[in-house]
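Going down the list, the sequences are from chains E and R. Mapping the first sequence onto my numbering, position 128 (from 1) lands on 123, and the numbers just tick up by one. Mapping the second sequence onto my numbering, position 140 (from 1) lands on 226, and the numbers just tick up by one.
Among the clues, some could well be false.
Claimed, not checked - Below, computed lysine to aspartate or glutamate pairings styled on EDC-like, alpha-carbon distance capped at 20 Å:
hint: 1; chain 1: R; residue 1: K211; chain 2: R; residue 2: D121
hint: 2; chain 1: R; residue 1: K211; chain 2: R; residue 2: E176
hint: 3; chain 1: R; residue 1: K155; chain 2: R; residue 2: E176
hint: 4; chain 1: R; residue 1: K211; chain 2: E; residue 2: E169
hint: 5; chain 1: R; residue 1: K211; chain 2: E; residue 2: E272
hint: 6; chain 1: R; residue 1: K211; chain 2: E; residue 2: D160
hint: 7; chain 1: R; residue 1: K155; chain 2: R; residue 2: E183
Rather than coming from a laboratory, the hints here were simulated on the basis of the structure.
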Amino acid sequence: MLRNAASFLGLCIAVTASGVVAPAVAQAPASTSGDWVVPRTPAGHPDLQGNWSSATITPLQRPRDQGPTLSWEEVEVREGRAANRLERVSRPSDPDRGAPRAGRGVGGYNGIYIDAGDVVAKVYGEPRSSLITHPADGRTPELTPAAQARRAERRESRSQFGQYDHPELRPLGERCLVSFGSNAGPPMLPNGFYNNNYTIVQTPDHVVIMAEMVHDARIIKIGDGPRLPEHIRPWMGDSWGHWEGDVLVVETTNIHPLHRYSGEEMKVIERFSRMAEDAVLYEFTIDDPSTYTEPWGGQVPMMALNDRLYEYACHEGNYALSNILSGARYQERMEAENQN
Amino acid sequence: MRARIIYATLVAGALAVLVYAVPAVAHHAFGAEFDPDAPIRLQGNIVRVEWVNPHSWIHLEITQDDGTKEVWMVEGGTPNVLQRRGLRRECLPIGTELIVDGYQAKDHSLTRANGRDVTFTDGTKFFLGSSGTGAPTDGAETRGRANPARC
């Protein structure tokens, strides 16, 4: 993995300095024993290394009728429902079954293929109804008029093409370029499907975060140095970190414009800290006055993954993209034949 | 062994849909690659397994009613998830007979489909969905390694 990280570093040429936002409210650990102490690296920093999973049934945005926390009764209901879901889809099927029904709304894949998580996100023992913690309603803020205009312009531009006209019109995840959603980040958010797993490796001057989904490696430089020029925008941006006490604070700019969250002025501040022996608390704030009417962000518990990360050699086996494009060409041929 | 392809009937389909709770998306949008108007049922034997990301693919040789043979490629889940559920590549020996129902690729010139439900001939699940996450506790749940390999 380090070899991959090193090669990725060569490609990334990342560089940019630090800044600080402190979005999260520190709370006394409730889920840790009293004698637990934060493990440290030989350099004396909190040891964030290991394999972690952010899979959770807690949604990014809070439903409008809910408060920020859940009762333990509600936690039990939600986690029980999640646990039962797999049991249901694992039951035997009728061997004499026919094909499934045709038409719209048939759904997609078997739930067995999905591993979105089955626990509610809990931060220092507090069960959360959403990952977003600010603004106070737990929802992404409104776009600025300028951002709305940019989106409309982008829609207008794309409307001259069919969505299957060209591979570059397809989503980044489908093209195996970067994980779908914002798995690799920043911000690093659970994708709701599978492979929400990370490996963190630390040295005194770098932190590498490998996301299992599409095998993305973030290289975070510790300290200060020259930032990338504005026009160079790697997929996961240009990240610089520093330590504030026991918290690793990472500031990222220059995020690629096609990334899930991006903007010319966007700055993402992330904070990593050890919440317990088996948990890292990941916090993020997105600050982009040209896109959002106010900064927003949240907290995501990353739980210890008692497993290894597997490779995700996406390009090599990506039948899906060719099937998608050939499917569109096939349908065009059929339509043409029907017209003749 | 009798292998066959049977296209959907509305009645069978209506029954089948009651069985599943299926998310609408994965690595790619389902409707971008597969034709929801071309449901399909396959029964045949494994001739090849591609244990690759972003999706596993199982190649099944099916025998049609006229006796001719045809190989279909069936798309499964990402190997990382299946592996954590205890299903390794070695669990898929060549020759194993399976029943698959799902939807054909939008390009009907291809013998490819998604495997929405993949079972052995007695109906037991080929991909078994034990959670592998352990029981919920007080917020410090450790994920993984709860299920030993199934083969």
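Each hint, compared with the structure:
Between K211 (chain R) and D121 (chain R) the alpha-carbon distance is near 24 Å, which puts this suggested pair outside the 20 Å criterion. At most 20 Å may separate the alpha-carbon atoms for a hinted pair to count; K211 (chain R) and E176 (chain R) meet this at roughly 16 Å. Distance hint between K155 (chain R) and E176 (chain R) is unfulfilled; the C-alpha atoms sit about 25 Å from each other, more than 20 Å. As the CA atoms of K211 (chain R) and E169 (chain E) are separated by approximately 28 Å, the hinted pair breaks the 20 Å bound.
With a C-alpha separation of about 37 Å, the suggested pairing of K211 (chain R) with E272 (chain E) is violated against the 20 Å cut-off. Proposed proximity of K211 (chain R) and D160 (chain E) is contradicted: the alpha carbons are some 38 Å apart, above 20 Å. Restraint check for K155 (chain R) and E183 (chain R): the C-alpha separation of about 14 Å stays at or below 20 Å, so the hint holds.
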